[in-house]
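Novice: Protein chains in written order, with our numbering: chain D, 8 to 410; chain E, 8 to 410; chain X, 8 to 410; chain F, 8 to 410.
Just so you know, not all the hints are guaranteed correct.
Since the list can't tell identical chains apart, any single copy or any two copies may satisfy a pair.
Below, computed lysine to any residue pairings styled on SDA-like, alpha-carbon distance capped at 20 Å [to be verified]:
1) K59 with V46
2) K59 with V41
3) K200 with M354
4) K143 with N309
5) K208 with A227
6) K200 with T121
7) K102 with V61
8) K59 with L253
9) K59 with M44
10) K290 with Q95
11) K59 with G326
12) K102 with L68
13) K135 with R27
14) K307 with G97
15) K143 with L296
16) K59 with Q198
17) K59 with P325
18) K336 with L296
19) K102 with A341
20) K307 with R197
21) K208 with D159
In short, the hints are calculated from the structure, not lab data.
This one's a predicted model, so the numbers in the text were calculated from it and none came from an experiment.
Protein chains: 4
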Amino acid sequence: MASEVIELSGHIIDSWTLPRAWDVIMDRGGNFAVEEMRVGTSKTEPSYARLKVVAPDDETLELILSELQQFGAVLLHGNDVQTATVEQDGVLPAKFYSTTNLPTQVRLNGQWVTVENIEMDVAVVIDKDSNRAYSKPMHEVRVGEQVVIGHDGIRVQPFERARERESFAFMQSSVSSEKVKVLAIHEIARQMKATREHGGKILFVLGPAVIHTGAGRYVAELLRRGYVQVIFGGNAIVTHDVESALFGTSLGVDLRSGEQVEGGHRNHLRAINAIRAVGSLEKAMEIGLLREGITYEALKHNITMVLAGSIRDDGPMPGVINDMQEAQKHMRQALPGVEMAIIVASMLHAIATGNLLPATVRTVVVDINPAVVTKLADRGSFQAAGLVTDAELFLRELLEALA
Amino acid sequence: MASEVIELSGHIIDSWTLPRAWDVIMDRGGNFAVEEMRVGTSKTEPSYARLKVVAPDDETLELILSELQQFGAVLLHGNDVQTATVEQDGVLPAKFYSTTNLPTQVRLNGQWVTVENIEMDVAVVIDKDSNRAYSKPMHEVRVGEQVVIGHDGIRVQPFERARERESFAFMQSSVSSEKVKVLAIHEIARQMKATREHGGKILFVLGPAVIHTGAGRYVAELLRRGYVQVIFGGNAIVTHDVESALFGTSLGVDLRSGEQVEGGHRNHLRAINAIRAVGSLEKAMEIGLLREGITYEALKHNITMVLAGSIRDDGPMPGVINDMQEAQKHMRQALPGVEMAIIVASMLHAIATGNLLPATVRTVVVDINPAVVTKLADRGSFQAAGLVTDAELFLRELLEALA
Amino acid sequence: MASEVIELSGHIIDSWTLPRAWDVIMDRGGNFAVEEMRVGTSKTEPSYARLKVVAPDDETLELILSELQQFGAVLLHGNDVQTATVEQDGVLPAKFYSTTNLPTQVRLNGQWVTVENIEMDVAVVIDKDSNRAYSKPMHEVRVGEQVVIGHDGIRVQPFERARERESFAFMQSSVSSEKVKVLAIHEIARQMKATREHGGKILFVLGPAVIHTGAGRYVAELLRRGYVQVIFGGNAIVTHDVESALFGTSLGVDLRSGEQVEGGHRNHLRAINAIRAVGSLEKAMEIGLLREGITYEALKHNITMVLAGSIRDDGPMPGVINDMQEAQKHMRQALPGVEMAIIVASMLHAIATGNLLPATVRTVVVDINPAVVTKLADRGSFQAAGLVTDAELFLRELLEALA
Amino acid sequence: MASEVIELSGHIIDSWTLPRAWDVIMDRGGNFAVEEMRVGTSKTEPSYARLKVVAPDDETLELILSELQQFGAVLLHGNDVQTATVEQDGVLPAKFYSTTNLPTQVRLNGQWVTVENIEMDVAVVIDKDSNRAYSKPMHEVRVGEQVVIGHDGIRVQPFERARERESFAFMQSSVSSEKVKVLAIHEIARQMKATREHGGKILFVLGPAVIHTGAGRYVAELLRRGYVQVIFGGNAIVTHDVESALFGTSLGVDLRSGEQVEGGHRNHLRAINAIRAVGSLEKAMEIGLLREGITYEALKHNITMVLAGSIRDDGPMPGVINDMQEAQKHMRQALPGVEMAIIVASMLHAIATGNLLPATVRTVVVDINPAVVTKLADRGSFQAAGLVTDAELFLRELLEALA
């Protein structure tokens, strides 16, 4: 039998950290004894548990400990973080540590150092000279870099539910359209205001249905009012936004009458062609071709807009990044300072963004399809709150709630 | 080879009546020759076609003619309607004619007589003395009644799309959440106003999600403003409506805070029990126990409310009709005068109502689940327009649009 | 400050009983101290915890205790169960105790007595003479009966997850179509065999899509092989089953060719009419009119079949129960001995059945729509495992797995 | 008033070409007179109609004619196709003609010439020297090329429904899970066999759920049996396929037991890293690291596999094309010879493929989510037949049907 003593502390009772830890131990075939347990007696006081974890063999113990780490478990007698050297560009050492999106620290020379720019499913590179640690995607590591391996000296700060009534309370509950959404929308508005008051950035991730439903005008207004600092989207949203600015249609449907005014998809191709002809979206604004819409407002107010291509794109529209690694890089660069993310009507970009966002960013996923909303949570973005509702009416209501 | 000459007239081009007729003829293995065809030269002028339908045998011809009938085809040389006598209560003669929900006439003594209270999938009973024809569900026919059989002497008025731009234009298009719904909601509001102006009744069919999402207040306001003349619902909506009036919760969730204030389902049982204790919903209002909500407003304004039970009901709440045939009967009795039906968040009652509504009633099905919306159309309610959107935000927006 | 000491025992760690208890205490504004905690050291050994629960006032404490009860908490110093007398037929005493679907005991004269026929959301009646307790729906209580009130002397056995690897392991995980369903189907088959080996009954709840998709033949074969002891369904499934037996169609679609062979819905009305003409389904079998299908096999093998009507029914088919309270009563009477329930493609009957089933019945909900699957769990049927898959292919595969 | 005489010929009655043409004329505010109309008297004989189209002004007439063209209308007195010269790389002339996915011909020197490699939403380039016409995406046109503009001299062959009973009959009907899918699967199998017998290629487009559900083995077997000539997919399917080959898991779930064997997403990162370490998938097969799975079989049998990256990718896996224009180019190059496309469980790749496929390729979209299935048809891929069913059970059944 192999064993190890671990400590858990913080809001481990009300954040379900402790029971989830027990679950992991038992599911993996281990057992435990509670050596000490103190429940915080006030809402702000943390709790503490010290457990002796027992497993039938070293390998099982190792597996258990690596999973407990995700809940914030720390070995009682810990060592410094271990690293291995990258020997091939874009290839990690065999036992590489794969990150979660939770705040993470590594022990360097006995000191806990925070991993910079944490995101999910990437490696941690250690710069021993400057005593820094930062996350890096697999394909970006270079020969000679020191990459964290194994599980020693790593501390993850689990996603905690404060005992104090959470302002994003609706987020805790299960996904359903049968909820009072107006309440949730007002709560989101309140959070957006609070975020902007202390200078935090708000990211909007937008799918093309925002334009098709005529809700582009609400987003444009949000931009004008300063509630959007970063936009992530694809070729479709920018194309239909420009189509609506140039021709008043989206996929050929007149946004004022709801009627199909043009056979087939020609208008969106015309929109792309028109911008290609002048060279860029910026130029189109400059010469007065582009006079309204989300893209126009974003350019005018100097909002960072990362447009990532996809395999289904027509055109593409100038400004859309066609290389996926390049696009991810631009998305990563736009994230520092983002404290809130509102993802509307986009499955592909929702997942892409969820992969990159640290768990500390308050994230709201709005989609009429419950599958999109649950998918994000399933993929590890625990912090994402879902709202199963109509994108168009959501944005309209949000704008009113912010007034 | 068997053959017959038929005539089609009306908006048979733009309502797709003619091509659908051709389709049927060919799908069933027949063929046709266009003997005469006149296309109306102005928007209001009807078109006309006379076709010779040929089939390999009499049986196929019979099948083809019976289907063409649904599109309004009339035999060039027609006979009076044929009937057979009911010989067993609740049992139809073998060759009974089964109705559609389209306006239907039968030829009695050479005269076209309109079938009263037409609905889908029922029989037509002929009262020869009074020269009347009316629809009757199978289980209500009585020994001695004359029931229409075969296909002679029956004329169905197909669902026509006027060539004039349709005010319910959004209804023609396919179901999708990616449409400008605010436009459609304003169009519905306009139709509701027009309906009320000339004294037409508006039916609301409501599912319990209306209460769970806090949208009961919007429906109550619609009732106060005179936009609801008939309500169809079940045990759940009335129970949660009363629960919210008595305790401020729906399924135990506080409608003002969105929080679960009560463990499990106890409040809705308490609501039912409280009404059972006083005897009826009417009594509860009278003694001041019930002071708000949809049911309260309906009782106060003397709105017909048919509450039909179902196999999943708790309680039930007094006033809910537990016998299904009895409930259908009450629903049928409430329909005369109804010109518009708004069905919100209820699959079961949507289908039940769709079965009873004549095709001439403008019907809007609002549900966040596209399956509900398409299901009604699949079942023969062609006239039903679908809106895939959030029930709560729809009702809120509708109320604003009516202001 | 009010306080009380409670005990929890059993698989309270791995069944998440303990953390859920803590959650409730804190969510309701209370606090607790762990007075004693013993974790079972082997897989079969139970764990134990004694907690002192503290709340700001008596009312809050009462609320907390009543919720803890659902998790199996027992007051250290408990009293006998309290009752009040029914004073009006069909009306419960104000503070009535509302059941869960979990095994429940009440303390009578210091002894724990099991509540018979437990189901969700009903009352508990005490027969003091015979020292018995049984559940009863609200509308069935009669003047003079003793109904349990408050929370004293009630013990609920929470739904426990055995630490031993659960044979229905797939049931624990979240609902998704992106799972290996063949594995789950084989597991269900294994459980069905085991259930039948020791004489347990298996209930099938079936929606009409079973017939529309041509899967009726697989269910008929399951009946012949003795894997079905009880069937719950509605007017639609029996009607289309008879339609397919008589005419080879379901909703007019030929089940062998997939083609629409009959315009509109006439065949299912003809099927109902044919059975009405002979008087009953039994008679139809007797005279050789009904020769195959689910209903035929059920009648032939003397399988209990409860057919509950609904508001959307045509006909109805003889044998369908049109009074909802009557139908629920028949369903209740058919449940004793049922150990497994397979619910396929029926939202309405799934929920109705879920309301009546004790949590000890292994329940599998199979539907292509994830909303149906999650709805049951949301309504308190924790024991229900969901399989988001195709009903037709599921039944075909299940039959193969049982071979 | 402006007018023009057009001709329509072929299966214009049973393919609804004629009524759809009438609809367009009236919707756009025009009118028409039927100058001549001949209905084919046998199943194989084409029909013919000559219409005089009238519109209030030239612009409206132009719009109407351009839409009628999609249905195969040809001007009675036609001219040669018109072109304009590309003056900027990647930018089309203002009045560029935008293609449909239907077979298209252009009139060059009075001769009808077929446009090569037709696909949706691209331009047509004319090479006058060689008398050829071919389709080209906007971003690929180069200065000096002659691009088709306007609507003269263009003939589109509409999607015809043969009067003969269609072998893909199930495809004509609306999307629903409530159909006999086993029939449809056997029909697909029959078509696949027929396609292979005359050397046609079959394309499979696969989403990662194919691997997650354990259905990779069925696809691998299809590959071995020669039923797959081209595969389109993304980073996810190849990554999880390799993960399952190397570790027996998909997203960390053991495909034999259904249990989560590994915390989080580490195994798929390990799989990518392992292939990156050896350099390529080909090398991994060569050295015996990759010994089974879809990718292995594809490499072994020399199957074309186009793997297109996306913004949500981890890694990426070597072999995945990260530039979207490059990826589309590879997809285009793989299409010649493809006569059938089976798209399973992938929304993104389904739409991307639908954009590139000519309408003559028989396309089946299989997804458990009806939205995916309808989305493709909404976007203009009329020829796509949908099957709302479980991908895993579909592939298992398809394999059996092909045996």
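Novice: It remains to establish, for every hint, whether it holds in the given structure.
Specialist: Tested hints:
no.: 1; hint: K59 with V46; result: both (18 Å within a copy, 12 Å between copies)
no.: 2; hint: K59 with V41; result: both (7 Å within a copy, 18 Å between copies)
no.: 3; hint: K200 with M354; result: neither (26 Å within a copy, 36 Å between copies)
no.: 4; hint: K143 with N309; result: neither (28 Å within a copy, 35 Å between copies)
no.: 5; hint: K208 with A227; result: within (17 Å within a copy, 40 Å between copies)
no.: 6; hint: K200 with T121; result: neither (29 Å within a copy, 55 Å between copies)
no.: 7; hint: K102 with V61; result: neither (23 Å within a copy, 48 Å between copies)
no.: 8; hint: K59 with L253; result: neither (67 Å within a copy, 34 Å between copies)
no.: 9; hint: K59 with M44; result: both (12 Å within a copy, 15 Å between copies)
no.: 10; hint: K290 with Q95; result: between (42 Å within a copy, 16 Å between copies)
no.: 11; hint: K59 with G326; result: neither (56 Å within a copy, 46 Å between copies)
no.: 12; hint: K102 with L68; result: within (16 Å within a copy, 51 Å between copies)
no.: 13; hint: K135 with R27; result: neither (34 Å within a copy, 44 Å between copies)
no.: 14; hint: K307 with G97; result: neither (38 Å within a copy, 26 Å between copies)
no.: 15; hint: K143 with L296; result: neither (41 Å within a copy, 26 Å between copies)
no.: 16; hint: K59 with Q198; result: neither (41 Å within a copy, 37 Å between copies)
no.: 17; hint: K59 with P325; result: neither (59 Å within a copy, 43 Å between copies)
no.: 18; hint: K336 with L296; result: neither (30 Å within a copy, 31 Å between copies)
no.: 19; hint: K102 with A341; result: neither (30 Å within a copy, 38 Å between copies)
no.: 20; hint: K307 with R197; result: neither (26 Å within a copy, 38 Å between copies)
no.: 21; hint: K208 with D159; result: neither (34 Å within a copy, 53 Å between copies)
Checked against the numbered hints listed earlier, the structure breaks hints 3, 4, 6, 7, 8, 11, 13, 14, 15, 16, 17, 18, 19, 20 and 21; every other hint is satisfied.
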